[in-house]
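Trainee: Chain by chain, the residues:
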Amino acid sequence: MKVIGKPRRRVDGRAKVTGLTRFADDVVLPRMLHMKMLRSPHPHALIESIDVSRAAAYAGVHLVLTGKDFPASFGILPITQDEYPLAPEHVRYIGDPVAAVVARDEQTACEALELIEVRYQPLDTISSPEEALAKPEPRLHAYSERGNIHRLQAFQFGDADAAIAQSDYVFEDLFFYEGNTHLPIEQHACVAALDADGKLTLWSSTQVPHYVHRALARVLQMPASQIRVIATPNGGGFGGKCDVCNHEMVAGKAAMMLGRPVKICLTREEVFYMHRGRHPVLMKFRTGVSKDGKLTGMHLQTLVDGGAYGSYGVASTFYTGALQTVTYELPRYQFEAARVFTNKPPCGPKRGHGTPQPRFGQEIQLDKIAERLGKDPAELRLGMLVKPNSLTANWLKIGSIGLEQCIRTVVERSDWKQRFRKMGPGRGLGLACGSYLCGAGLPIYWNKMPQSGVQMLLDRSGQITVFCGATEIGQGSDDVLAAIVAEVLGVDPQEVRCITGDTGITPVDLGSYSSRVTVMMGNAAIHAAEKLKAMLAEAAAEELEVVPDRLQFANGHVSFDARSLTFAEAVVLAEVKFGTLGAVGSYSPPRAPGRYKGAGVGPSPAYSYSACVVEAEVDAATGWIRIPKIWIAHDIGRTINPVLARGQVEGSVYMGLSEALMEEQVFRRLPAKLSRALVHKFPSLLEYKSITSLDMPEVDTVLIEDPDPNCPFGAKEVGQGPLLPVMPAVANAIYDAVGVRIDELPITPDKVMRALELKAAGKPARVGPEHFPAVPYPAPIVVPPPWEGGDGKEAKRDDAAAVV
Amino acid sequence: MTRAEISLSVNGEPVEVTFAPYKTLLELLREDLALTGTKHGCELGECGACAVLIDGEPQLSCLLLALECAGRSVETVEGMAESWQSGAGLHPLQAAFADLGAAQCGYCTPGILLTAKALLAHEPEPSRERIQEAISGNLCRCTGYQQIVEAIEEGARRMADESHR
Chain Z
1 MKVIGKPRRR
11 VDGRAKVTGL
21 TRFADDVVLP
31 RMLHMKMLRS
41 PHPHALIESI
51 DVSRAAAYAG
61 VHLVLTGKDF
71 PASFGILPIT
81 QDEYPLAPEH
91 VRYIGDPVAA
101 VVARDEQTAC
111 EALELIEVRY
121 QPLDTISSPE
131 EALAKPEPRL
141 HAYSERGNIH
151 RLQAFQFGDA
161 DAAIAQSDYV
171 FEDLFFYEGN
181 THLPIEQHAC
191 VAALDADGKL
201 TLWSSTQVPH
211 YVHRALARVL
221 QMPASQIRVI
231 ATPNGGGFGG
241 KCDVCNHEMV
251 AGKAAMMLGR
261 PVKICLTREE
271 VFYMHRGRHP
281 VLMKFRTGVS
291 KDGKLTGMHL
301 QTLVDGGAYG
311 SYGVASTFYT
321 GALQTVTYEL
331 PRYQFEAARV
341 FTNKPPCGPK
351 RGHGTPQPRF
361 GQEIQLDKIA
371 ERLGKDPAEL
381 RLGMLVKPNS
391 LTANWLKIGS
401 IGLEQCIRTV
411 VERSDWKQRF
421 RKMGPGRGLG
431 LACGSYLCGA
441 GLPIYWNKMP
451 QSGVQMLLDR
461 SGQITVFCGA
471 TEIGQGSDDV
481 LAAIVAEVLG
491 VDPQEVRCIT
501 GDTGITPVDL
511 GSYSSRVTVM
521 MGNAAIHAAE
531 KLKAMLAEAA
541 AEELEVVPDR
551 LQFANGHVSF
561 DARSLTFAEA
571 VVLAEVKFGT
581 LGAVGSYSPP
591 RAPGRYKGAG
601 VGPSPAYSYS
611 ACVVEAEVDA
621 ATGWIRIPKI
631 WIAHDIGRTI
641 NPVLARGQVE
651 GSVYMGLSEA
661 LMEEQVFRRL
671 PAKLSRALVH
681 KFPSLLEYKS
691 ITSLDMPEVD
701 TVLIEDPDPN
711 CPFGAKEVGQ
721 GPLLPVMPAV
731 ANAIYDAVGV
741 RIDELPITPD
751 KVMRALELKA
761 AGKPARVGPE
771 HFPAVPYPAP
781 IVVPPPWEGG
791 DGKEAKRDDA
801 AAVV
Chain C
1 MTRAEISLSV
11 NGEPVEVTFA
21 PYKTLLELLR
31 EDLALTGTKH
41 GCELGECGAC
51 AVLIDGEPQL
61 SCLLLALECA
71 GRSVETVEGM
81 AESWQSGAGL
91 HPLQAAFADL
101 GAAQCGYCTP
111 GILLTAKALL
121 AHEPEPSRER
131 IQEAISGNLC
141 RCTGYQQIVE
151 AIEEGARRMA
161 DESHR
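Those protein sequences? They're chains Z and C, same order as listed. Mind the numbering: the first sequence is residues 1 to 804 in this note's numbering, read in order. Mind the numbering: the second sequence is residues 1 to 165 in this note's numbering, read in order.
Okay, the calculated bits of chain Z under chain C, using three or more residues with CB under 8 Å as the criterion:
#1 16-27
#2 181-187
#3 681-691
With beta-carbon atoms standing in for the labels, derived distance ranges:
#4 C:127 / Z:670: 45 to 51 Å
#5 Z:413 / C:57: 37 to 43 Å
#6 C:160 / Z:624: 34 to 40 Å
#7 C:160 / Z:59: 53 to 59 Å
#8 C:128 / Z:105: 43 to 49 Å
#9 Z:415 / C:71: 56 to 62 Å
#10 Z:555 / C:160: 29 to 35 Å
The calculated lysine to aspartate or glutamate pairs, modelled on EDC-like cross-linking and capped at a C-alpha distance of 16 Å, are:
#11 Z:284 / Z:336
#12 C:23 / Z:105
#13 Z:681 / Z:664
#14 Z:294 / Z:329
#15 Z:689 / C:46
#16 C:23 / Z:106
#17 Z:368 / Z:379
#18 Z:6 / Z:492
#19 Z:6 / C:99
#20 Z:629 / Z:695
#21 Z:751 / Z:664
#22 C:23 / C:43
Hints are computed from structural coordinates only; laboratory data are not their basis. Idealized CB from N, CA, C, for every residue including glycine.
The following block holds chain Z by itself, in its conformation from the complex (with noise of 0.2 Å):
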């Protein structure tokens, strides 16, 4: 191969260093006006009444917007349409939206947001889980399953109970994952404006131009074809910008009212209430164990914060189960789940969506259990690794696993066999793998359409160019679509001009979410490419009088021995020959083999694997943790770019690192005297405490390659895989530097201090949660696993009208 594999600049690479990335508050257009957010105080209210009349007349001021304009909902899923683009009368979290100011500039726009008088009737505030639990009223949502239990899920792939109760060894820990957010360096900011032929065009730092496109059309009640949604390239997404936002519908309404562009921006503020980020999940892991370290079932309950809307929760919520099964071999495994409203900004999906939480406590439970048998943390897993081409208990289908290597690279890199458990006080090295997705198989909206599209134009001069909706939001999908492109057409990838993520000129692409661009982009940009190099070739083989499959495309030239013609005068032979040259590529992922409902989230082409070392200093004067090294391989299939797949892992393992030590999306009570209101701890960036270059270690990245057939050149993703075993691997390296479990995320010094203490006084040494409530999980769906005679369908049930 000539360009895949190979060591590249990107081929955005000059705009970003040179700041000619046009970012979407870059969007600057005659007669822009700028619009500003009123947003609640109160965790929940009701709005009583609103009065914009001093804000309408206040000077520079040419719209006021509330509640009233918007009659249509709106949500990501389509069975949580909970939004609206300004609350009407039900305000769920502070900084829910309830009216806008279109101004001639901020400052005006500002001031006349404080021109608004809002009476609100405050309301009993919902501030956790167990709250949401044993207080049905006030309800959030009165679309929720019951109270302000929002979806409650419940399967059973084989008895695991059963499975458990026999089994040589059973344990069963609690974990909690606290919440965090995603932190893009990028405010979220749009741009909307009416074309001269009176079509709405929308800028937007968005991950998802077709979601948005759909919303709006939803929500202004006008025509999609009417509509363009221009996703500009994103300054950091991480999941932060997957959620159709407030204010996109808000400024569209308004350029369209007023027919001049409108712009907004949100302060940093703005972008801790927009949220969506990591849920915070309490699981309960009770897993069995045969004497030879085998799985034999494993029982897992979990307990999702959704905060005050549905976002893409319900699929988070199914996510903190469905990807258990494909790492490790599990004949039965049971799952249930909950998730509740609170009266918090609502969470989403952010790196890993869902499954870093069951992540942690699976790995961290792994380590207990080999330290319990005795064995190595590293042979344990290797003795249980999922086979290559198998079906998971929850009727996954894996394909290529290349974990095996993984393990094996860490641990051969990290010296793993002379130093765990031999390092000294205060000094320790943990292990953990992880797996993610390489694209959903399910699409958000149900339909069978193609979930990424590609279509392609040459050109007489030799141009290249390659339209695709898929959004570039730092990860390097552009530079993915111009090499596969390059590779197979034999040219040069910077040759190649990329169009992405505009709703109005190109193919449709679902979105940069669930690891899922290069797969799918990358198939449908093979299948475009390929048809285009079958003209090509068909055309520059009569010129060169050879057979076509006997051409070689590659350095810009199609030639056959000392025969050959430049990659332009093949097409101009070409054109000559076909006409105008184009041609379109599609991807579907294959269908899964799940029949249950449910089974739609989990079913992926592939998987990723990966393995990490950690090594930890633990000052036990201090409760201190101080991380020197990190090493990670990372099972990415084929490496499409080195320098790009490379910054993805070791992103994403600061981003797990980071998560791990420090960062929380946390609430707290204000006192008495000053309404006792839920108010969010830390809106700052100084406040909320992220990793810098301080603090951030060394890390030795493998990428190993273990094609898949379901991929582009074998290619998996890498965008979200690597952060997953950080996180567990940092706090079983903790548990061998100083002999405590902190079974709860971030580990702060306070916490490993109080685990010191509870050792010191003889006690359990752990710091975690104690309890998990009573959650009323209905009867499970109940599909019999491939080995036990299942068909992937649910089993008939006498009770089966009683499943929910």
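Go by the hints and put chain C onto chain Z.
Mentor: Below, chain C alone, put in the same frame as chain Z:
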């Protein structure tokens, strides 16, 4: 509203500009001078995305009133390429950032490039620790910093090569 007027040097060019007096240098650059290469992530001095060079030293443009910059010399990312002796090409730091994956989303990149340029002006061969210290006020959520540090080391090498020519 009365407007302020100042003269200053921006990327080596003399500039006279009138603006609303409450504006920060960040706002002046982006809104009044159309230099949108300078980014913002908080406008509270927390993220480092808006760093520019004032008389050669890195400063957060969101914390400076534009009025304070009268008569001073401001350098933004737009000025980096031209300011290098090799002419219209990229500054060696920019080229190293592009080649070595130091810019993923590219949003924190302008601030880090200018911070690094100022560091190398004082210390042409900084240690890895000095580089980590110099950019510790610039938050990056994409890279994990390792490729940024390596690109600054590589940029320093390339600058040394250029100046030996």
